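There are 2 protein chains.
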Amino acid sequence: MSHGNKQQWILAKRPQDVPDPSEVVFQEVAIPATAAGMVLVKNHYISLDPAIRLWMSDIPNYLPPIPIGDPIRATVVGEVIESGSDDLSAGDLVFGLGGWETHSTAPAEFWTKIPSDSEFPLHYYGNMLGAVGLTPYFAIVDVGQAKAGQTMLMSAAAGAVGSIGGQIAKLMGLKVVGIAGTDEKCQWVVDELGFDDCINYRTTGDMEAAIREKCPEGVDFYFDNVGGEILDAALLNMNKDSTLLFCGTISTYNATEPVPGPYNYWQILAKTITVKGYLISDHFHRVVEGQEAMSQWLKEDKIKFREHINEGIENCLDTYNLLFTGGNDGKLMLKL
Amino acid sequence: MSHGNKQQWILAKRPQDVPDPSEVVFQEVAIPATAAGMVLVKNHYISLDPAIRLWMSDIPNYLPPIPIGDPIRATVVGEVIESGSDDLSAGDLVFGLGGWETHSTAPAEFWTKIPSDSEFPLHYYGNMLGAVGLTPYFAIVDVGQAKAGQTMLMSAAAGAVGSIGGQIAKLMGLKVVGIAGTDEKCQWVVDELGFDDCINYRTTGDMEAAIREKCPEGVDFYFDNVGGEILDAALLNMNKDSTLLFCGTISTYNATEPVPGPYNYWQILAKTITVKGYLISDHFHRVVEGQEAMSQWLKEDKIKFREHINEGIENCLDTYNLLFTGGNDGKLMLKL
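Note that the protein sequences, when read in sequence, are chains A and B. The opening position of the first sequence corresponds to residue 1 in the numbering used here, with each subsequent residue numbered one higher. The opening position of the second sequence corresponds to residue 337 in the numbering used here, with each subsequent residue numbered one higher.
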C-alpha cells in the first residue's frame, strides 16, 4: 500500500559548526513500504534537543553517527499509520525515535505507546512525559542519589532538562542554584520555578567566585549540561565526596577541533568526586515508573515548564539552531 | 631537652618543572622541642612518591600546598625519640606523615604504630604495608568494586602502586593488562608478576589500537595513575558502565601551564562510565584490615615487588627525580 510522499531533512555532510542548509538538506521522498516488524508513524511533534547535534558528527558515541544521506534522528510523538508488529496498531499514539520528517518508519521496539486514556496533551510526551522529563528524573532520583539538604548546582538551568531537574530537586528538599544566560531566565527559574538562586554566566566575570558566593557551603551535586568553563568553575567549588552528574556538554557540541576535558580535572581526585556519565536510554525500561511520578507532580501543579513550539517541517533547521544562540524560550519542539 | 640538629630539604620556592636544588634546598637546623601532643621521630626510611610533587605546587588540593620554608612533606618510617602523647612512647616504631629530613616532629595522630611483633622488615611499612600497598588495595577491593572476570587496564604498571594493584586484581580473578615505559618493565610485570599482557607506551605509536588489540573485549576497569594521552587512549576502549579509578596523573605533575583534562572526556557520558576520584587517606581508619590482607599475601608469597632504595638524606632530591625519568627500578625509598 502506497502512502505517498513525505518531507524530511537529511544529513548531506557533517556540519562544521552550527549546521546549515548545505549540510542538512530538505527533500521530499516516497514513504517506503512498511516491512514486517516495522511501524510507520505520522509525526505530530518533533523534539529538538542538543544531543542531535552530536549524532550529526562522526565521533564515537552512544548511538552511531547518523549515516550520510539518512534523515536527522530525533525523538518524535505521533500516530501509527501502518504497523508490521502485533504490539502496535494503526491509530495508536506513540513516542519514540524517529527523525526530522513528516513520517517515520522504525522498528516496533523504538516506539512506546501512549495510554489511550492519558489526560495530558500529546506534546507532553515530547517533553515532560517523554525523554526530556525523564532525563532529570532518573538522573537525580536514581543515578545521582540526591539527598535532602544537599546543595545542587544546575547548569543550563532554564533549559528543558535543567528547569525540570531543578524543580525535582527542590521537591526532594535540596537547595538549588541555577546557571543561565540571561537575567530573564534567571528570574524565571527563581521566581516561577522556586530555585534558590541563579547566576547569569554571560554577565558574571568570575564564575568561580560567583558560585562560591551563592553556595557558601559548597556544591554537593553538580548537574552538568554544558561542560567547558562553567564546569571548570564548578569543580573548584565542589565538596569532598560530591557527585558530578554528567548529562551533557552543550558548550562544545559545535566544535570542529578536539575539545579538551576540564582544566580542573584534578579536582575529581582532590575532592574524591564521583562522576557519573548518564544516558536516559539506559532507563527506558522504567519509563512507566518515571511517568507516574511526573504525572502526579503535573496534576498537583508542582512542576512548571515553558515550551517553544514552532510549526512546519520546513522550519525545522532554523528552529533547531535556536538552541545554540539561547534564542529558544523553553523546551524546543516542532509541530507538524 | 635538646636533641641537636637535623638535616632536611625545604621548599624555597615553587618548582617550575622537575624540582631543582635552587627550589628545594638542603639545610641543617636545630631539632625543635617536642610540645604536648607532638611526637619526635627519627626517620629510617622516606617514601618517595609522585604525589609529593603536587604538594610543592600552589594548587587547590586535598592537602594544603607545602608552605614556602617548610620541609618537603612525605610519608616516613622511623622510631619515636620523644613523645608528647600518651599514645606513643620512645622506642616505638611508627609510620606516618613526616618530611624529607632526618627527624620529623608531627602531631601524634599523624603516626601509626607498627606492631612490636611484626615479622616484616621496617621498610615494608614504607611500601607494601604502608600507604603504597594500601592504595591499590582499597582502590580495587572497596572503592572500585572490581569483580572476577573483568578486564583491568593498569597504567604505570611497573610503578609501586600499579605493580601491586595488578597483582591484587589477578588474585581477585581479573584479566590485567599493564602499560609501562620499557620492554624490561613490561617483561617483569608479565613474567614475574603474572599480568596477562603489557604495552610499552614509549615504543607504541597508536595506543588506542594497542589497547584494543590487548583488550579485545574492552576495558571494564581502568586504574589510572598517569592521565594525559594514555588516559585518552584508554577512554576510547572502555566498556559501557565501566569504572575509571582516578588515582593520579603523573604525566602532568611537573607542568607549569594549566593542563586540560582528557580530550575524550565525552566518552564518560557516551559509555556511562563512573569515575571515582580516590585518596588512600580516606581509608586510613581501615589500615589494620588492609594490612592483614597484604600480610597474608606476603606470607604466602603471592605478591612480589621491587624496591629501589638509595641512601643518605643529601641524595633525597636526586633520588626523588628518578620518578620523572622512569629511572627508578621499583618502589623508590631513601634509607637514612
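FYI, nobody ran anything at the bench for these hints, they're computed from the structure. Treat the hints loosely; a few may be bogus.
In silico BS3-like pairs for lysine-lysine, Cα to Cα no more than 27 angstroms straight-line [to be verified]:
1) A:170 with A:302
2) A:299 with B:483
3) B:378 with B:506
4) A:170 with A:13
5) A:276 with B:640
6) A:240 with A:299
7) A:240 with A:113
8) B:506 with A:240
9) A:304 with B:483
10) A:13 with A:147
11) A:299 with A:147
12) B:640 with A:147
Keep in mind the model is a prediction, meaning the values are calculated, not measured.
Hints versus structure:
Restraint check: the Cα-Cα separation between residue 170 (chain A) and residue 302 (chain A) comes to about 10 angstroms, which is no more than 27 angstroms; the hinted pair holds. As the CA atoms of residue 299 (chain A) and residue 483 (chain B) are separated by approximately 44 angstroms, the hinted pair breaks the 27 angstroms bound. The suggested pairing of residue 378 (chain B) with residue 506 (chain B) is violated, with an alpha-carbon distance near 37 angstroms, which exceeds 27 angstroms. At most 27 angstroms may separate the alpha-carbon atoms for a hinted pair to count; residue 170 (chain A) and residue 13 (chain A) exceed this at roughly 43 angstroms.
As the CA atoms of residue 276 (chain A) and residue 640 (chain B) are separated by approximately 35 angstroms, the hinted pair breaks the 27 angstroms bound. The hinted pair formed by residue 240 (chain A) and residue 299 (chain A) fails the criterion: a straight-line CA distance of about 38 angstroms is larger than 27 angstroms. Pair hint residue 240 (chain A) plus residue 113 (chain A) does not hold up; C-alpha atoms about 43 angstroms apart against a cutoff of 27 angstroms. Annotation: proposed proximity of residue 506 (chain B) to residue 240 (chain A) is violated, straight-line Cα distance about 31 angstroms (limit 27 angstroms).
The suggested pairing of residue 304 (chain A) with residue 483 (chain B) is violated, with an alpha-carbon distance near 44 angstroms, which exceeds 27 angstroms. A threshold of 27 angstroms between alpha carbons decides the hint, and for residue 13 (chain A) with residue 147 (chain A) the separation of about 45 angstroms lies outside it, so the pair is violated. About 24 angstroms separates the Cα atoms of residue 299 (chain A) and residue 147 (chain A), which keeps this hinted pair within 27 angstroms; it holds. As the CA atoms of residue 640 (chain B) and residue 147 (chain A) are separated by approximately 44 angstroms, the hinted pair breaks the 27 angstroms bound.
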